[in-house]
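Chains as they are written, first to last, in our numbering: chain F, 1 to 385; chain C, 1 to 296.
Bear in mind the hints are in silico, worked out from the structure with no lab data behind them.
Keep in mind that a hint or two might mislead.
Said to hold, decoys possible - Taking lysine-lysine pairs in the DSSO-like style, the calculated list, with each CA pair at most 27 Å apart, reads:
| hint | chain 1 | residue 1 | chain 2 | residue 2 |
| --- | --- | --- | --- | --- |
| 1 | C | Lys241 | C | Lys285 |
| 2 | F | Lys255 | C | Lys23 |
| 3 | C | Lys288 | F | Lys206 |
Claimed, not checked - Taking CB as the label site, the calculated pair distances span:
| hint | chain 1 | residue 1 | chain 2 | residue 2 | range |
| --- | --- | --- | --- | --- | --- |
| 4 | C | Ala175 | F | Ala323 | 54 to 62 Å |
| 5 | F | Ala268 | C | Leu52 | 42 to 50 Å |
| 6 | F | Val55 | C | Leu52 | 26 to 34 Å |
| 7 | C | Arg267 | F | Ala251 | 28 to 36 Å |
| 8 | C | Met151 | F | Pro118 | 20 to 28 Å |
| 9 | C | Leu52 | F | His139 | 32 to 40 Å |
| 10 | F | His139 | C | Glu256 | 41 to 49 Å |
| 11 | C | Val291 | F | Ala355 | 54 to 62 Å |
Please read these numbers as outputs of a predicted model, since none were measured by experiment.
A virtual CB, placed ideally from N, CA and C, is assigned to each residue, including glycine.
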Amino acid sequence: MKADPSGVLVGTHFIDGDHAACEGALAAGCRFVAGYPITPSTEVVERFAARIPLVGGVFIQLEDEIASSIAIQGAVWGGKKVMTVTSGPGLSLMMEHIGLAAITECPCVFVDVQRGGPSTGLPTLPAQADMMQVKWGSHGDYEPIALSPNSPQECFDLMIKAFNLAEMYRVPVFFMMDEVVGHMTERVVIPPADQIEVVERRWTAKKPAEYRPYETNGNMVPDMVKAGDGYRIHITGLTHDERGYPSMTPATQDKLVRRLLNKIRLNADKLLDVREEHTEDADVTVISFGITSRVATAAVDDARAQGLKVGHARLVITWPFPAARIAALAERTKVFLVPELNMGQMVQEVERAVAGRAKVVSIPHAGGTVHEPETILAKIMEAAR
Amino acid sequence: MSTEQAVLDGLEIDNPVMPYLRKDRIPHIWCPGCGIGTTVNCFARALGESGLDLDKVAVVSGIGCTGRVAGYMNLDSFHTTHGRPIPFATGLKLANPELKVVVYSGDGDLFAIGGNHFFHAARRNMDLMVVCINNHTYGMTGGQLAPTTPMGATQTTMPYGNFEQPFNLPFIADACGAVYVARWTVYHVKQITRAMKEGLSKRGFAFIEIISPCPTLYSRRNRLGDGVDMVKYYKEKSVIKNGANTKEVDLSFQGEITVGKFVDRERTTWLDGMNDHFSKVFGSKFKKYGVHHVED
Numbered sequence: 001m002k003a004d005p006s007g008v009l010v011g012t013h014f015i016d017g018d019h020a021a022c023e024g025a026l027a028a029g030c031r032f033v034a035g036y037p038i039t040p041s042t043e044v045v046e047r048f049a050a051r052i053p054l055v056g057g058v059f060i061q062l063e064d065e066i067a068s069s070i071a072i073q074g075a076v077w078g079g080k081k082v083m084t085v086t087s088g089p090g091l092s093l094m095m096e097h098i099g100l101a102a103i104t105e106c107p108c109v110f111v112d113v114q115r116g117g118p119s120t121g122l123p124t125l126p127a128q129a130d131m132m133q134v135k136w137g138s139h140g141d142y143e144p145i146a147l148s149p150n151s152p153q154e155c156f157d158l159m160i161k162a163f164n165l166a167e168m169y170r171v172p173v174f175f176m177m178d179e180v181v182g183h184m185t186e187r188v189v190i191p192p193a194d195q196i197e198v199v200e201r202r203w204t205a206k207k208p209a210e211y212r213p214y215e216t217n218g219n220m221v222p223d224m225v226k227a228g229d230g231y232r233i234h235i236t237g238l239t240h241d242e243r244g245y246p247s248m249t250p251a252t253q254d255k256l257v258r259r260l261l262n263k264i265r266l267n268a269d270k271l272l273d274v275r276e277e278h279t280e281d282a283d284v285t286v287i288s289f290g291i292t293s294r295v296a297t298a299a300v301d302d303a304r305a306q307g308l309k310v311g312h313a314r315l316v317i318t319w320p321f322p323a324a325r326i327a328a329l330a331e332r333t334k335v336f337l338v339p340e341l342n343m344g345q346m347v348q349e350v351e352r353a354v355a356g357r358a359k360v361v362s363i364p365h366a367g368g369t370v371h372e373p374e375t376i377l378a379k380i381m382e383a384a385r
Numbered sequence: 001m002s003t004e005q006a007v008l009d010g011l012e013i014d015n016p017v018m019p020y021l022r023k024d025r026i027p028h029i030w031c032p033g034c035g036i037g038t039t040v041n042c043f044a045r046a047l048g049e050s051g052l053d054l055d056k057v058a059v060v061s062g063i064g065c066t067g068r069v070a071g072y073m074n075l076d077s078f079h080t081t082h083g084r085p086i087p088f089a090t091g092l093k094l095a096n097p098e099l100k101v102v103v104y105s106g107d108g109d110l111f112a113i114g115g116n117h118f119f120h121a122a123r124r125n126m127d128l129m130v131v132c133i134n135n136h137t138y139g140m141t142g143g144q145l146a147p148t149t150p151m152g153a154t155q156t157t158m159p160y161g162n163f164e165q166p167f168n169l170p171f172i173a174d175a176c177g178a179v180y181v182a183r184w185t186v187y188h189v190k191q192i193t194r195a196m197k198e199g200l201s202k203r204g205f206a207f208i209e210i211i212s213p214c215p216t217l218y219s220r221r222n223r224l225g226d227g228v229d230m231v232k233y234y235k236e237k238s239v240i241k242n243g244a245n246t247k248e249v250d251l252s253f254q255g256e257i258t259v260g261k262f263v264d265r266e267r268t269t270w271l272d273g274m275n276d277h278f279s280k281v282f283g284s285k286f287k288k289y290g291v292h293h294v295e296d
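Make the full structure from the sequences, and use the hints.
Structure below.
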């Protein structure tokens with residue numbers, strides 16, 4: 001289906017990543033945002049607050065991130081596409097509702113403009129240190145989706161993808177920006193609405209008497225309804241059966257949790273978005289994501305210019321982790337280098353995927369700025385020796 | 001025949017409340033003598049008398065004994081997280097303004113962990129009816145100190161008697177801007193039903209506190225007898241003072257209970273305020289949100 005033109009600001013713009021992310025959400029059909037101010041993410045909601053009155057929807061600034069992260073879920077059951085926006089400290093407060101979104105299968109987008117941590121850390125400076133938090137931060141087993149844009153243009157383009165994936169899989173989707181991507185101003189081209197593919201919510205075709213909220217019809221993702229349409233649904237954060245009713249048995253728990261994980265794990269091939277350059281003949285492969293990929297590109301280009309067989313695999317979808325693709329690259333690559341703006345998070349996933357078939361080297365950075373290209377280049381030279 | 005099936009079959013009798021309940025979820029989990037079921041009975045009757053289209057009524061609960069109410073109502077119903085039914089209900093209401101959204105939860109849920117949300121939703125005059133079943137304790141977890149536990153009452157986490165000042169809930173609701181504030185006890189079933197009916201027809205943030213017994217924990221631990229003894233206490237010690245100054249309706253351990261409708265006023269709701277304001281700011285370019293527009 002094509003985007004609703006009322007939310008699409010067609011044209012060529014010179015805007016930062018935060019503003020572009022907001023435009024991406026509007027183009028994707030997001031019509032309800034609840035949020036709480038936090039640097040360096042605030043511009044996303046500021047723009048939404050300015051734009052939404054004439055697009056037709058609601059922005060509400062709530063009392064905290066806890067409220068914001070559940071108000072959006074109420075709005076989903078009221079029929080809207082939704083998003084909330086935050087940075088590390090706010091993300092920490094939202095964790096319980098990540099779990100609620102996972103177990104109730106509530107399609108929603110959480111934007112995290114990452115800054116240095118832990119705690120208040122570096123409010124105005126970048127990091128990529130929330131990668132494991134979004135995967136594991138809420139209690140219990142769940143599988144989120146996460147995307148890592150590296151430019152304002154991608155903040156627009158990938159935001160539409162984030163909303164589409166939320167609808168397709170009914171999971172919380174994390175949009176993992178960072179302070180640099182959020183505050184970097186570049187050209188952003190917004191195409192006409194008829195060139196933007198959006199995935200609409202999959203409403204049930206069943207009548208109320210036949211409908212069961214968590215019946216999956218074989219494809220692992222149940223069809224939805226909204227409150228007010230006569231279905232009289234019950235939605236709970238408790239372990240529930242197909243009717244949505246609480247059921248405290250190990251059998252119900254096993255069936256539910258397995259499906260929540262499998263709807264992502266068994267679709268990992270469809271959720272693969274790794275952008276590769278020169279990996280076909282690479283002895284050394286740099287694996288990067290988000291802003292770090294732009295630094296890595298500079299280092300890889302330099303190394304290639306010097307005749308080194310180095311490749312670059314950029315993870316655009318970071319969760320689910322593309323383990324099968326990394327394992328395939330390990331058939332040829334002898335050394336993987338993993339620069340990231342944290343002290344070594346996603347490198348652990350690379351190590352698991354590679355499983356000893358190649359050397360894996362972490363290039364950590366505690367945040368506050370991006371890597372120097374020379375740092376990555378030096379590691380490439382060392383690995384290529 | 002299982003006991004459960006026997007109970008279900010017994011419900012075939014003409015019970016006026018049954019159409020409002022999810023029959024396939026009965027029997028409920030509440031203890032004998034608990035007052036929550038009584039309030040649900042009142043709620044069902046209020047829904048019936050309200051004339052509302054029940055397909056357009058949603059109920060949202062948090063966590064705890066009262067948090068289970070949502071699961072038993074034959075409405076669109078949401079059992080959310082601890083302390084957060086009000087922000088969930090806020091999102092639901094704003095996403096679909098044609099819904100009448102009721103928050104039904106306990107004192108610990110709404111005023112301890114969820115206190116901040118209550119204050120702000122009342123301040124905004126969010127169009128919600130909030131029913132708080134106040135049993136002075138955390139029932140689901142075994143009888144711990146609540147922000148409503150009267151001074152002197154014993155709880156597992158106040159084993160020598162409570163020395164903390166409890167909240168006066170109607171005063172909070174009033175001070176934060178609620179447009180309707182009432183308190184009743186589960187003895188006052190007619191008045192509860194009427195208050196809920198009024199709350200359902202009110203535009204804006206309506207708050208109803210219902211004092212309710214927890215015979216399993218609060219009454220037993222404080223040697224106050226069973227559920228019937230507590231209702232007798234409510235009957236004897238309740239004083240109806242409609243329009244009372246909410247500052248003066250504090251509760252004390254087994255003391256007098258001031259009940260009645262304390263506040264009933266008009267104030268612009270959040271959504272009406274947004275629509276009015278943006279109409280002024282943007283003129284005809286702005287289409288009122290949540291209002292059906294005739295397509296031209």
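Now the hints, each set against the structure:
1. Lys241/C to Lys285/C: Given that 27 Å is the threshold and the Cα spacing comes to 49 Å, the pair is violated.
2. Lys255/F to Lys23/C: Distance ~25 Å between Lys255/F and Lys23/C Cα, so the pair holds.
3. Lys288/C to Lys206/F: Cα-Cα ~32 Å, so violated.
4. Ala175/C to Ala323/F: 54 to 62 Å: Once the Cβ atoms are compared, 55 Å apart, the range 54 to 62 Å for Ala323/F and Ala175/C holds.
5. Ala268/F to Leu52/C: 42 to 50 Å: Holds - the Cβ-Cβ distance for Ala268/F and Leu52/C, about 47 Å, lies within 42 to 50 Å.
6. Val55/F to Leu52/C: 26 to 34 Å: Between Val55/F and Leu52/C, where Cβ atoms are some 31 Å apart, the hint holds.
7. Arg267/C to Ala251/F: 28 to 36 Å: Distance hint for Arg267/C, Ala251/F is violated at roughly 51 Å.
8. Met151/C to Pro118/F: 20 to 28 Å: Between Met151/C and Pro118/F, where Cβ atoms are some 40 Å apart, the hint is violated.
9. Leu52/C to His139/F: 32 to 40 Å: With Cβ atoms ~38 Å apart, the hint holds.
10. His139/F to Glu256/C: 41 to 49 Å: Cβ of His139/F to Cβ of Glu256/C: about 44 Å, so the range 41 to 49 Å holds.
11. Val291/C to Ala355/F: 54 to 62 Å: Since the Cβ atoms of Val291/C and Ala355/F sit about 59 Å apart, the hinted range of 54 to 62 Å holds.
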